[in-house]
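Novice: Sequence:
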Amino acid sequence: MLLEAKKDLTAFADFPHQHWKKIQSTNPLERLNRETKRRTDVVQVFPNPPAVLRLATAVLAELHDEWIAFPHRYLSNESMDALYTDDTIVLPGTSDE
Numbered sequence: 067m068l069l070e071a072k073k074d075l076t077a078f079a080d081f082p083h084q085h086w087k088k089i090q091s092t093n094p095l096e097r098l099n100r101e102t103k104r105r106t107d108v109v110q111v112f113p114n115p116p117a118v119l120r121l122a123t124a125v126l127a128e129l130h131d132e133w134i135a136f137p138h139r140y141l142s143n144e145s146m147d148a149l150y151t152d153d154t155i156v157l158p159g160t161s162d163e
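Residues 67 to 163 in the numbering used here are what the sequence shown lists, from first letter to last.
What the hints contain is simulated information worked out from the structure, not anything from laboratory work.
There could be a bad hint or two in this list.
[Unchecked claim] Restraint ranges, calculated between C-beta atoms of paired labels, are given here: (1) 137 to 67: 21 to 29 Å; (2) 116 to 87: 35 to 43 Å; (3) 140 to 69: 30 to 38 Å; (4) 86 to 108: 17 to 25 Å; (5) 99 to 131: 15 to 23 Å.
[Unchecked claim] With a Cα cut of at most 27 Å, we get these calculated BS3-like pairs of lysine-lysine: (6) 103 to 88; (7) 87 to 73; (8) 87 to 103; (9) 73 to 88.
Note that CB positions come from ideal geometry on N, CA and C, so glycine has one too.
Hey, can you work out the whole structure from these sequences and the hints?
Specialist: Here it is in C-alpha cells:
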C-alpha cells in the first residue's frame, strides 16, 4: 500500500526545502477546527442541521475576512520566488502556439 502511495507521500519534496515543514503541518486546519469547536460548545444544542451549517459557515467567513483584513503570508515571498524562476506564467490552454 505504501509503495503505491509513494508518489503522493513524497510530493512535498518537489517544493523548496523551506516549505517542507509548513506543507506537512496541519496547524491552519487545527486552528479552524479549534475555533469551530469553541463556537459550537457555546451553543451546545442546535435546533436543526441547517443551524450547524450556518454556524460553521459563519466561522469560515469570519476567518476569511480576518485573512483579508490582516494579510500575512504562510509561505514567504522569497521562498515562493524559488518556485518560479521565470517571471512569465503560462496558463494551460493559453500558449502562444
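Novice: Need the status of pair residue 87, residue 103: alpha-carbon distance at most 27 Å?
Specialist: Roughly 26 Å separates the two Cα atoms, so the pair holds.
Novice: Does the Cβ distance between residue 86 and residue 108 fall inside 17 to 25 Å?
Specialist: violated (37 Å)
Novice: Kindly confirm whether 30 to 38 Å is satisfied by the beta carbon distance between residue 140 and residue 69.
Specialist: Cβ of residue 140 to Cβ of residue 69: about 31 Å, so the range 30 to 38 Å holds.
Novice: Is 21 to 29 Å respected by the C-beta to C-beta distance linking residue 137 and residue 67?
Specialist: For residue 67 against residue 137, whose Cβ atoms are near 40 Å apart, the range 21 to 29 Å is violated.
Novice: Could you say whether the range 15 to 23 Å given as a hint is met by the Cβ separation of residue 99 and residue 131?
Specialist: holds (19 Å)
Novice: Would you say the C-beta atoms of residue 116 and residue 87 sit inside 35 to 43 Å of each other?
Specialist: holds (39 Å)
Novice: What's the verdict on residue 87 and residue 73, does the C-alpha distance respect the 27 Å limit or exceed it?
Specialist: holds (18 Å)
Novice: Check whether the Cα positions of residue 73 and residue 88 lie no farther apart than 27 Å.
Specialist: Given that 27 Å is the threshold and the Cα spacing comes to 19 Å, the pair holds.
Novice: Would you mind confirming whether the straight-line C-alpha gap from residue 103 to residue 88 stays at or under 27 Å?
Specialist: holds (23 Å)
Figure legend: structure checked against the earlier numbered hints; hints not met, in rising order: 1, 4.
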